[in-house]
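Student: Once you have looked at the hints, place chain B on chain A.
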Amino acid sequence: MEDLKKIANNMRKNIVKMVHNAKAGHPGGSLSCTDILVALYFNVMHIDAENLHDVQRDKFVMSKGHASPALYSVLAEKGFITYDDLMTFRLIDSNIQGHPNMLECPGVDMSTGSLGQGLSVAVGMSLANKLDKNEFRTYCICGDGECDEGQIWEAAMAAAHYKLDNLLMILDHNGLQIDGRNEDVMNNAPLGAKFAAFGWNVFSVDGHDIEAVTAACKAAEQVKGQPTVIIAETVKGKGVSFMENQAGWHGKAPNDAELAIALKDLGGE
Amino acid sequence: MSKIATREAYGKALAKLALENEKVVALDADLAGSTKTSEMKKVTPERHFDFGIAEANMMDAAVGFALNGKIPYASTFAVFAAGRAWDQVRNSVAYTNANVKICATHAGLTVGEDGATHQANEDIALMRAIPNMTVIQPCDGIETEACIRAIADYQGPCYVRMGRFAVENINDNPDYKFEIGKGVVIHEGTSPVLFVATGLMVQEALGAIDLLKEKGVDPTLINIHTIKPLDKELILKYAAASNLVVSLEEHTVIGGLGSAVAETLVAECPRRQLFIGVNDVFGESGTPKQLLDKYGLSSGKIAERVLAALK
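Chains as they are written, first to last, in the numbering used here: chain A, -8 to 260; chain B, 689 to 999.
Incorrect hints may have been included.
[Claimed, not checked] Straight-line alpha carbon distances no greater than 20 Å define the calculated EDC-like cross-link-like pairs of lysine to aspartate or glutamate that follow: (1) Lys154/A with Asp738/B; (2) Lys711/B with Asp45/A; (3) Lys711/B with Glu126/A; (4) Lys243/A with Asp123/A; (5) Lys154/A with Glu734/B; (6) Lys209/A with Glu224/A; (7) Lys865/B with Glu921/B; (8) Lys999/B with Glu902/B; (9) Lys124/A with Glu921/B; (10) Lys121/A with Asp738/B; (11) Lys121/A with Glu734/B; (12) Lys121/A with Glu710/B.
[As the list claims (entries may be wrong)] A short, non-exhaustive set of chain B residues, derived as facing chain A with CB atoms under 8 Å: (13) Phe737; (14) Phe739; (15) Ala742; (16) Asp748; (17) Ala749; (18) Ala750; (19) Phe753; (20) Leu755; (21) Asp775; (22) Tyr783; (23) Thr784; (24) Asn785; (25) Thr805.
Treat the hints as calculated values from the structure; they're not laboratory data. A quick note: this is a predicted structure, and the numbers were derived from the prediction, not measured. Ideal placement from N, C-alpha and C gives every residue a C-beta, glycine not left out.
Next up, chain A with everything else stripped away, as it sits in the complex (with noise of 0.2 Å):
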């Protein structure tokens, strides 16, 4: 586990690291979701460099695709891609785009950007899994002011409805978006309440405790007939003094002192 944090840590400095590089992106939302993507690409799915071109696998759904810097941040840290790769993020001719884009970069399985799609997208690959009859799981990160999109309560009350217990929700709950606060910009609150409303089973977890988050998503793998949301309680701006629960830094990038700053927080180079 020591290790995994260690993984968790070189992720931020890379997010912040990219992000200042291409002087444009998301740090806030990326750094609430790194130990979640932890979790998952290292205790919980089984995607390595042998079945990363397979078309059926356990695959993972980056539905807040804006928290790209956070994703291939982990796909570096597999292997999937270089940290070479990670320094062209944003910029022209490079295959780690703004946002993810599937033809490109190896290891995302789906492009997003447009919230409140990836969802939707997980319940499709949940159904063609069901139909073959197999056993990989899906696995999707959505983002609480996402949670403001009607799409999800579409794909919610589909998964419900279709009863795929081989799909696994995680709301990554850091309480911001752009403008401000959930409950000033649009009180979507309880999320896990309405989840549960909508027929699913829900798990409430520290979002930066990865063993936490491991044995969510293990103790979802138990829950047949229903789908399950993991609300992974979360920092927007984790880990970054000056990021943390700052709305302002959804989508702005560290000039070289903030850099500084934010890597000296995160324990040096």
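Tutor: Showing chain B alone in chain A's frame:
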């Protein structure tokens, strides 16, 4: 000639195809009885998925099926498939080049009595503007069946536009062959007038040619089932021998077949063009025949406009 609505032919073709190809799945949004995917549901119910009245979710779920190796046929009315779910089609279907077959029915004015809210006259323009998208509109039942089979063998997103109104089986001949991207010469005329038509306007164009022949005008008629990619070669070949090109579509004259033809001609073989289509207005309730006539798309109205243009 026998008559059948293209949506009816779609239902039958999809049912047959599903029995032959296990990868085929159908998705619908509470309109299976109208889009006719209900025909497929009768024979392979385990591969038919209803998503309720939630077209955006259906369209993206189709992407999930496609990315996991299935061949999803996603159906609803054209106004919802191309309109309501446009962002899903653009960002999830087309950007990923997913193998999704969007089979939209109830396109155009001939939806009839339901009126303007349900008459998609903008869908060709909306779909044609999206990269990676192939846009097809069969003109009759025979072409529909051939198209539904052909798109299963084609890798990539397709938008197929079909109608509610019964049309004549124009392609009822042993030599008929359907190839994505290849236009079909329906009639070789003797006058330097070229008709380029799509969908049920092929039938109306044929009627107009009969009327025009009585006045000594005998246009050539090309059926363009694939609006994108357009069969430029065929259109240019016949346009070169014409001094008037007439585009015919049951769709707004903005951004549809007429625009696609004009884009080609103006760059390579400029010709005077008459745009037969819906003139930037909403439709209304009425019978299909009444609507075609009122909005200038009936055989009689086409013939009148062509004669006026030739004066």
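Student: Decide, hint by hint, whether the structure agrees.
Tutor: Hint by hint, here is what the structure shows:
{"no.": "1", "hint": "Lys154/A with Asp738/B", "in the structure": "14 Å, holds"}
{"no.": "2", "hint": "Lys711/B with Asp45/A", "in the structure": "16 Å, holds"}
{"no.": "3", "hint": "Lys711/B with Glu126/A", "in the structure": "18 Å, holds"}
{"no.": "4", "hint": "Lys243/A with Asp123/A", "in the structure": "43 Å, violated"}
{"no.": "5", "hint": "Lys154/A with Glu734/B", "in the structure": "14 Å, holds"}
{"no.": "6", "hint": "Lys209/A with Glu224/A", "in the structure": "18 Å, holds"}
{"no.": "7", "hint": "Lys865/B with Glu921/B", "in the structure": "18 Å, holds"}
{"no.": "8", "hint": "Lys999/B with Glu902/B", "in the structure": "16 Å, holds"}
{"no.": "9", "hint": "Lys124/A with Glu921/B", "in the structure": "47 Å, violated"}
{"no.": "10", "hint": "Lys121/A with Asp738/B", "in the structure": "15 Å, holds"}
{"no.": "11", "hint": "Lys121/A with Glu734/B", "in the structure": "11 Å, holds"}
{"no.": "12", "hint": "Lys121/A with Glu710/B", "in the structure": "14 Å, holds"}
{"no.": "13", "hint": "Phe737", "in the structure": "6 Å, holds"}
{"no.": "14", "hint": "Phe739", "in the structure": "6 Å, holds"}
{"no.": "15", "hint": "Ala742", "in the structure": "4 Å, holds"}
{"no.": "16", "hint": "Asp748", "in the structure": "3 Å, holds"}
{"no.": "17", "hint": "Ala749", "in the structure": "4 Å, holds"}
{"no.": "18", "hint": "Ala750", "in the structure": "6 Å, holds"}
{"no.": "19", "hint": "Phe753", "in the structure": "5 Å, holds"}
{"no.": "20", "hint": "Leu755", "in the structure": "6 Å, holds"}
{"no.": "21", "hint": "Asp775", "in the structure": "6 Å, holds"}
{"no.": "22", "hint": "Tyr783", "in the structure": "5 Å, holds"}
{"no.": "23", "hint": "Thr784", "in the structure": "5 Å, holds"}
{"no.": "24", "hint": "Asn785", "in the structure": "6 Å, holds"}
{"no.": "25", "hint": "Thr805", "in the structure": "19 Å, violated"}
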